[in-house]
Amino acid sequence: LLALRAAGQPLGWGFQLQSPIFVTILILLFFVLGLSLLGVFEVGTSFIGLASFAGKSGALAAFSSGALAVAVATPCTAPLMGPAIGFAVTQPPLQSLGVFTSLALGLALPYVLLAHFPPALRCVPKSGPLMLTLKQFMAFLFFATCLWLLWVLGLQGGVNALLRVLVGLWALAVAAWVYGPLRSNSRNETRRKISAGIAFVLFLIGVVTAFPGSSREAIAWESYSEERLAEARAQGAPVFVDFTAAWCLTCQVNERTTLSARSVEAALKENNVVALKADWTNRDPVITAALERHGRSGVPLYVFYPAGQDPVLLPALLKPNDVINAVKGESK
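So the sequence shown is numbered by our numbering: it starts at 305 and just counts up by one.
Calculated from the structure, these hints are not laboratory results. Nothing here was measured: the structure is a model prediction, and the numbers come from that model. Idealized CB from N, CA, C, for every residue including glycine.
The calculated label-pair distances, taken between Cβ atoms and stated as ranges, are:
no. : residue 1 : residue 2 : range
1   : 525       : 601       : 20 to 30 Å
2   : 587       : 408       : 52 to 62 Å
3   : 508       : 556       : 16 to 26 Å
4   : 556       : 576       : 20 to 30 Å
5   : 508       : 448       : 21 to 31 Å
6   : 540       : 581       : 15 to 25 Å
7   : 323       : 399       : 25 to 35 Å
8   : 425       : 367       : 20 to 30 Å
9   : 367       : 504       : 25 to 35 Å
With a straight-line Cα cutoff of 25 Å, these simulated BS3-like cross-link-like pairs (lysine-lysine) come out:
no. : residue 1 : residue 2
10  : 573       : 632
11  : 632       : 581
12  : 573       : 623
13  : 623       : 581
Modelling step: build the complete structure from the supplied sequences, incorporating the hints.
Structural data, given as structure tokens:
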């Protein structure tokens, strides 16, 4: 933080949570740790186990667990901590490091006291049924943190970002189940290796799916209305109307395959086609009436209005050539 501010970046405490990618990483991490605490699969009793797996070093493990604790705690600046951090980030590097070092010592103080006074460890609960119950309870705290971070991600990236992460979490949950119970219950070594391989592939799918790709809105859509449709037709412009809904799986497939194709975008643009999207996700009597006029009672429905001609209904399972051929017919 101090190095970036010294380089001229206008950053503040908790700036990493402004990144949807960082928020996604935390969601995936806490979800996996929550599954582990519930016993779906075993990766160790804490994040220190993950750090030890990476470096086999006690110092590295301690540093990693401390870094995770700081990353998670950054939004929760207590009444006295907030002004201290606000003061620190406006001071020269030496004074700033002094403030942050004091905060780090306060965070580590309970562990330091336990390390120097071993008899105090007697107050720490022993392993057993109580600790197992506590461990499982902690999993739900991790999941609660995931819910909060999902809300943050939704504000940052919208519904599509949430959907990507939820699909990724589903894939991670299946991977954990395959690696845990399904693999553990098999006594055949070959099947165990196959299960581990499948779990690894599902893990990669979950991680890759969760992060945003290079998505693009291929067509410059306008919201559908009877007035806009009539206006465009009165001006002699061809019109393409997409009657769709978020809960319509066929609609979503068509949008991500056909309507996102560059060839379709180019055809509409070259022929000056006005593209209208009639979103029927929520009840809309205007869109319902438009569907009924075309003899339909549901979505998807794709209608192309050639200039000065009757509308043409396109197939529900839309292909790029369906749109391109309709537009080329208009241009002739």
